[in-house]
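2 protein chains.
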Amino acid sequence: MRTFALAAGAAALALALPATAQDDAPAPPSPGEIAAAAPATDWTAIAPEDLLVMMLAPAPDGIERTVVIQLMPAPFSQGWVENIRTLARAGWYDGISVNRVQDNYVAQWGDPNYDNPEATGEAKPLPGGLRTMDEAAYVYPRSIDRPRALDPLFWPPNDIHRWTSFHEGFPVAGVGTPDTERNWPVHCYGTVGVGRGMSPDTGSGAELYTVIGHAPRHLDRNIAVVGRVIEGIEHLSSLPRGSGDLGFYTAEEAGKRTPIGSVRVAADLPAAEQPRFEYLSTASDSFARYAEARANRRDPFFIVPAGGADICNITVPVRRADEAGG
Amino acid sequence: MRTFALAAGAAALALALPATAQDDAPAPPSPGEIAAAAPATDWTAIAPEDLLVMMLAPAPDGIERTVVIQLMPAPFSQGWVENIRTLARAGWYDGISVNRVQDNYVAQWGDPNYDNPEATGEAKPLPGGLRTMDEAAYVYPRSIDRPRALDPLFWPPNDIHRWTSFHEGFPVAGVGTPDTERNWPVHCYGTVGVGRGMSPDTGSGAELYTVIGHAPRHLDRNIAVVGRVIEGIEHLSSLPRGSGDLGFYTAEEAGKRTPIGSVRVAADLPAAEQPRFEYLSTASDSFARYAEARANRRDPFFIVPAGGADICNITVPVRRADEAGG
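Here the protein sequences come in this chain order: A and B. Under our numbering, think of the first position of the first sequence as 1, with each following residue one higher. Under our numbering, think of the first position of the second sequence as 1001, with each following residue one higher.
None of these hints come from the bench; they were simulated from the model. Built from N, CA and C at the ideal position, the CB exists for glycine as well. Among these hints, one or two may not hold up.
Said to hold, decoys possible - For lysine to any residue, the following SDA-like pairs were computed, each having C-alpha atoms within a straight-line distance of at most 20 Å:
{"no.": "1", "chain 1": "B", "residue 1": "K1256", "chain 2": "A", "residue 2": "A59"}
{"no.": "2", "chain 1": "B", "residue 1": "K1124", "chain 2": "B", "residue 2": "G1261"}
{"no.": "3", "chain 1": "A", "residue 1": "K256", "chain 2": "B", "residue 2": "A1059"}
{"no.": "4", "chain 1": "B", "residue 1": "K1256", "chain 2": "A", "residue 2": "E64"}
{"no.": "5", "chain 1": "B", "residue 1": "K1124", "chain 2": "B", "residue 2": "A1254"}
{"no.": "6", "chain 1": "A", "residue 1": "K256", "chain 2": "B", "residue 2": "K1124"}
{"no.": "7", "chain 1": "A", "residue 1": "K256", "chain 2": "A", "residue 2": "G95"}
{"no.": "8", "chain 1": "B", "residue 1": "K1256", "chain 2": "A", "residue 2": "G95"}
{"no.": "9", "chain 1": "B", "residue 1": "K1124", "chain 2": "B", "residue 2": "S1097"}
{"no.": "10", "chain 1": "B", "residue 1": "K1256", "chain 2": "A", "residue 2": "P60"}
As the list claims (entries may be wrong) - Every beta carbon over 10 Å from chain A, so not counted as near; a handful from chain B, in silico:
{"no.": "11", "residue": "P1058"}
{"no.": "12", "residue": "D1179"}
{"no.": "13", "residue": "P1259"}
{"no.": "14", "residue": "E1273"}
{"no.": "15", "residue": "R1276"}
{"no.": "16", "residue": "D1322"}
Generate the whole structure from the sequences, applying the supplied hints.
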């Protein structure tokens, strides 16, 4: 064996177990095996209105590149989410490009001619009807439902004043007492957020980024979190890094910008073309078992369970609805 | 302004500050500005014996791809580190390839014909003199020096029984009481570790990986951590992902494997070709200020400081010695 294990490979790797281990009880399941065994009722369909389908230009080898984004559910960031649907429905994103790829940080797409001293054309006018959001909306100023059974798993540990958890499939954090509770969505790998200028600007949603490295949690509450990539992030995370400040492609590297063919709300696609996804409900018993197994790996490759996990290491399982198993 | 700020861009972004802010005291420095202002005495040279220079085959566009790895200092993982020097000095790594790239996880290199049912050739014999390490060596069973001034910064919070910290430029974690203290290096973005089979195998160092996603902390104490990439990780993190189990390239994708031309200990290169690097001493006052600023961003882009950071978000500054500034 030359590999180290992940959920997907646990079955194959188990074949290599020494005989002494095989003689005993079956190996504890991996997180992936727990998710795969979850009953259908523990999976929640994602509404087509909450899915964005972004088609990048084909790769140099001709491969099609589709990125699917799940938009943030209420009560978080809904003004920006509405703007993003407005921009998609106006076709505004069609023809823009990925202009910034910074290693261990973000890939960012928008109008390459917007506020760019080296612009080669005019900035694209925004459609009407966009809302201007206030910074206060980075945080939801009230309590939310969250699965308290998960509380013992997290690094840092949850207490009554500060916590991380999940809300309808999304990682969140919060502070306060029951009277003063505030919650907000957090930045993890694959999170989608809204580029902005200096405070008090909050961005419109015309400039978006996704996280392609270790979770930049210092951005939480400083920027609007509007969704997460649920399929095809490798088409963004494997793009060439930009050599300019902040990973922007320089004028000399303009050819490295990846054009975006189209961005559509899935609900607007012909029914046969609408992708159907579901996530493992973060309020379900299956998710609680899955999260516990992520925090304490006991499947065969592991010798010492970690004893906890940070919120971004408990990635919420998502699958195509037509891949639904047992 | 369409960007959001990082240390590198703070100077440029500050120009966009509204007049009210510019009228006040100078903006608090960014983490990068603090590091750049550190006195030369706060930087520590990395010995050429502790640097590996890995030359990948040139990129498709002809660009040279060099990856520099700093090997783990004592007292951690030294048996594997010795093996890696032995393998490099035997020229064993020359001609192997990057065989696995799994999104948000690792890029891994080794002999593509080792333990591979689809091998197209013979596995490469290992050189003599390699040590076989015990699993106990994943952990150093005694206390280490660590900068206690940093203790208040970390998520999760440090206490006398459990902590994260830094040791000679590397992120570490530990548990225990003064009598029973144990410490180990942790997995962060860019960490280099040793691929292995099922327990009790611990790997030789012939198969190595680096982290290209969110820190997989569940691997800590389960696998040997032997160093970190300090330059050129973008040449690994931007490689095409493999579509096989665990991100291995399938037999049909063998052409995507990136050949490794050579791996050399920097000390063995002609003096003029030896890269010279230094890191911001993690025991220095400058590093304490830098780490505090990483945990509580107050430079102009930010409106809410996070109040803490996990160990992997306090990346240790490294620079070419010939870039040394003030």
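Inset, instruction - Find the hints from earlier in the document that the structure breaks and name them by number, from lowest to highest. - result: Failing hints, ascending: 6 and 8.
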